[in-house]
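S.K.: Next come the chains, spelled out residue by residue.
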Amino acid sequence: MNKPITINIDGKNIKTFEGRNLVDVAKENGIFIPTLCYFRDMHPLATCRICTVNLNGRQTTGCTTKVTDGMEIEINTPELLDNRKAIIEMLYAEGNHFCPSCEKSGKCDMQNLGYDMGITVTRYSHVFSNKLVDFNPKRMIMESNRCILCKRCVEQVKTKDGQSVFSFVNRGVKTHVQIDYEQEEKLTESEAMKTMNLCPVGAILIKGMIQEEPFGERKYDIFGKQKSPVIQGPGVFKEPNEKFIVATTSLAGCFGCHMSLLDIDLEILDMLEVVEFNKSPLTDIKNFSKHCHVGLIEGGCANSENIHVLKEFRKKCDILISFGECAIMGGIPAMRNFVPLEECLEEAYLNSTTSELGANIIPGHPDIPKLLNNVYPCNEIVKIDYYIPGCPPNAQHIWKVVKSILLGEEFSIAHDEFKYD
Amino acid sequence: MLQSKIPDRSHLMSVLWDIQRKKRCIEPEDITKISQVFDISKTELEGVISFYHFYHFKDVGKYTIYLNNSIVSEYSGRDEIRQAFEDAIGVGMGKVTSDKMFGLFDTPCIGLSDQEPACLINFKPFTHLNRQKVFDIINQIKSGKNPSEICDIPKSKIQYTPSAERTVFFKPYSWFTALKKLEEYPPDQIIDIVKQSKLAGRGGAFFPTGLKWQFCRQYESDIKYIVCNADEGEPGTFKDRVLLQEHPELVIEGMIFAAYAVGASQGTIYLRAEYMYLKEDLENLLEKYRSHGYLGKNIPAQKPFDFDIYIHLGAGAYVCGEETAMLNSMEGKRGEPGTKEFFPVQKGYKGKPTVVNNVETLATVPRIFEMGVENWLKLGTTKTPGTKILSVSGDCPNKGIYEIEWGMKFSEFLKLTGVEKPKIVQFSGPSGDCLSISPNESKTLRSSPRKSRDFLADNEYDRVISGEDITCGGSVMIFNETRDILHIIKSFSDFFVAESCGICVPCRTGNFLLNKKLQKIINGHGEKKDLEDIKSWSNIIRTSSRCGLGQMSNNSLLQAIAKFPDVFDKALEENSDYNPAFNMANATAEYDRIIKEINANYE
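Here the protein sequences line up with chains A and B, keeping their order.
Residue 421 is where the first sequence ends in my numbering, and the numbering goes up by one at each step.
Residue 603 is where the second sequence ends in my numbering, and the numbering goes up by one at each step.
In isolation and in its complexed conformation, chain A is listed as follows (with noise of 0.2 Å):
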């Protein structure tokens, strides 16, 4: 075990011994494995596949591989990265990810591996299955939305003798982890405090448990102030006297996008010197004057309008951009994807807290917008070409990425910028 060794890391030779965990001797050594499952002194559960490396020419595993002499590692190459940011968009698609609304944003191990890799937005089309949210446990909830599959807590969480407290159940892609209720009670408080921190998303919480440090100041937003990944796409083609024009809407979103991006004050006179609003809520010219540079859309698709809404912005936009969360992904309002309609509707209209008595009308008429059956990221019904993610992005993150693309500049984000909640 202690035998010296040399291995090579991305060109880079380093000096360990013999059979230490590659990720560790990497990240020693200043080089980043990103990994999920892997946890330290944990036994590695390669379920997570974004620590793959080449290993003299193989690909395997970063945290299953244990260093021997003159072993050839690639980490980063263009093929890997796109690898591992395909894994956690795949991640995002499969599960139920609603950062602004989940307790652990900030402390969440795949949000924060989404900043790094500057993911905007995934290249799957988002599943939206119905996933089981169990309270039943006495201290605990399972909240299989957020659930990854990583494995720690069915591997690490015992009860004193023995028993595990977690399991998968069923294959494929119905698997899902299970809490066992009578493990679960055998727990100790400390045990079950572990138990969420070892989560490396929202997926298990304690019931009644608050997070102490506010959003914004939590372990990632901290660790991630420096790092500013690049984003670079084509740029916009006017004629040189010509203004910028810019067109922005609000689908289903809350309008909170579009505040945040008058937050950016004064300097929208400065802005008005190169820009030209046209159909916008913020000149409410309500139909395309002219041919646009740039749209700017808030909010997903929930009804018929929205949907024509959007294609027109399409035909009449050379850059099509989703700015914040439910433009992105759906958002908060595709949280009603997981009901069936009728009940949303009775819900809204009928057997609300604020319904007035005896109601009994679902209102339907052909001018109200039909409602559709899910609500659907600006991306599934059209081209979408660039995405900034955030609920709301900051007003001076929405500027300057809308600067870059229209000025065709490369730009990078960072990670305190770069938001999803």
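Rather than coming from a laboratory, the hints here were simulated on the basis of the structure.
Quick caveat: nothing in here was measured; it's all calculated off a predicted structure.
All C-beta atoms in this analysis are idealised placements derived from N, C-alpha and C, irrespective of residue type, glycine included.
Take the hints with a grain of salt, since some may be wrong.
[What the hints assert, rightly or not] Residues from chain B shown here face chain A by an in silico Cβ test under 7 Å; the list is partial:
#	residue
1	S41
2	F51
3	T339
4	G502
5	R508
6	F582
[What the hints assert, rightly or not] Under 10 Å between C-beta atoms, here's a sample of chain B residues computed to sit facing chain A:
#	residue
7	I40
8	S500
9	S545
10	M584
11	R593
[Claimed, not checked] Okay, the calculated beta carbon distance ranges per label pair:
#	chain 1	residue 1	chain 2	residue 2	range
12	A	D69	B	E184	38 to 44 Å
13	A	E342	B	E341	49 to 55 Å
14	B	I153	A	K158	46 to 52 Å
15	A	Q211	B	S14	43 to 49 Å
16	A	E213	B	G92	51 to 57 Å
Go by the hints and put chain B onto chain A.
M.R.: Below, chain B alone, put in the same frame as chain A:
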């Protein structure tokens, strides 16, 4: 009933089988009891039960019917048979009759592809079904007949063997002949001979058998294990079933050779549940070997040794054919593949050195010793000496088993099957190679998407079945020109989605998302960019999945895209800024229905 001693976890699956067979389900009180006896939490136990699709939490009927849903079955008229069963028992697929007499369920390939449409009723096989036969079967059962009295014992249908002196498997064998050689050679020399024979894993991975045995031999351990992989789950394969029916003695003797060579004292045949009807005969045969002193204590050899064989019954999970998943399953756990930190020869079953070999690999060993390795090496090709058993099914008249010499030309082989107008030949099952045999389509193709196996011929007709060109695990499915490649690969994709164990992200989620993409194309909403997505997503799944299931799951898909470009061209539209899959009428249909109902209520 609390026992003082906790039984070995490896017995868990057979306990679950006992209950499943007796009560047709495993109920909460059984779960409580079993979890107490085995000292595991109920949730952990439910995790095990729910992994295997032949264990059920709800009653599946006194007579449980499993109808094969493989593509070969489908093309043999499965839909009509499903309809017949539904009509005969009066409930739909996936349901149980209200009197709990019959339950009807889908299951992946049951190893009877040459005799489709086929089903299992209480794990007894019924082949060559038609509507009338289905009604007859159900009526007979209703009148009190037991499925075991009326089932069909599957015929072996051996269609082809080489000339007598070049045949390896399907010729008479007198028991124990080869085992006499154990008295001539020490274990090392047995391994040397197997290495010399270039025998390689016949399940499809082609890992050198002698080398595997040598590795296992060199690890010191108080106990070592031999496992015979009889979990033949690759759709379209049934060669192991026929071997176990025709020459089970070769398999047992192969295991005895392996045990002697590596120093193992316990052997297990991991038999897939679909072949449960073979279990009794196998057990009787094992008893015979025991009574002749070839199993048990002091087996005659140059260095006498102890070795015995048991049968472990699977419970419906394709992934358990993967060796590390199989070992987990044998230990009474969920059949998830291991993390691959160790090979089973180092740390296998219960953490001890273990050799896992395929049925056919093991059956070959006594034949090599019987004929002598020099004669064996005269057969086949340099890289792959000997013969290979292929299971042939699909659109050809001569379905069944072919024992061919390695090195046979693909065109010659196709002639034997009697196929007219073939279009697609799927080698080694859904995870294998998709061969196109319309000459003009494959001309330009020189390299397969699978890096390791570059095509050698311009025309796939001229390819050769051998280690030098197309290897094969055993499944050969033939499809004629009326078949739709998109439909075939969608069926394969459905299979992988259903059979992924779910433990690693790319295989579980990637295949699921890919399947949706394929459906989009089949629905007519595919665009050119969807094809690029499929290629790149497949590559992600291939490079980052944990086990062979995920890594190989998109072989056929990628090959089909490369080899049938015009099919995909026709199915795909030009890229557009608007997603053609979104349909406003469909998206608002539910809303329209609700509003209409409300209005109707007012009037």
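S.K.: All the hints need checking, so say for each whether the structure fits it.
M.R.: Right, here's what the structure says about each hint:
1. S41: With a minimum Cβ separation of about 4 Å from chain A (threshold 7 Å), the hint on S41 (chain B) holds.
2. F51: holds (5 Å)
3. T339: Status holds, d = 4 Å.
4. G502: holds (3 Å)
5. R508: Hint on R508 (chain B): holds, closest Cβ of chain A at ~6 Å, below 7 Å.
6. F582: holds (5 Å)
7. I40: holds (6 Å)
8. S500: At about 5 Å, which falls below the 10 Å cut-off, the nearest Cβ of chain A leaves the hint on S500 (chain B) intact, so it holds.
9. S545: With Cβ-Cβ at 7 Å, under 10 Å, it holds.
10. M584: Check passed: Cβ of M584 (chain B) comes within 6 Å of chain A, closer than 10 Å.
11. R593: holds (9 Å)
12. A:D69 / B:E184: 38 to 44 Å: holds (42 Å)
13. A:E342 / B:E341: 49 to 55 Å: holds (51 Å)
14. B:I153 / A:K158: 46 to 52 Å: Check passed, 48 Å falls within 46 to 52 Å.
15. A:Q211 / B:S14: 43 to 49 Å: holds (47 Å)
16. A:E213 / B:G92: 51 to 57 Å: For E213 (chain A) and G92 (chain B) the Cβ distance comes to about 54 Å; the hint holds.
Of the numbered hints listed earlier, not one is contradicted by the structure.
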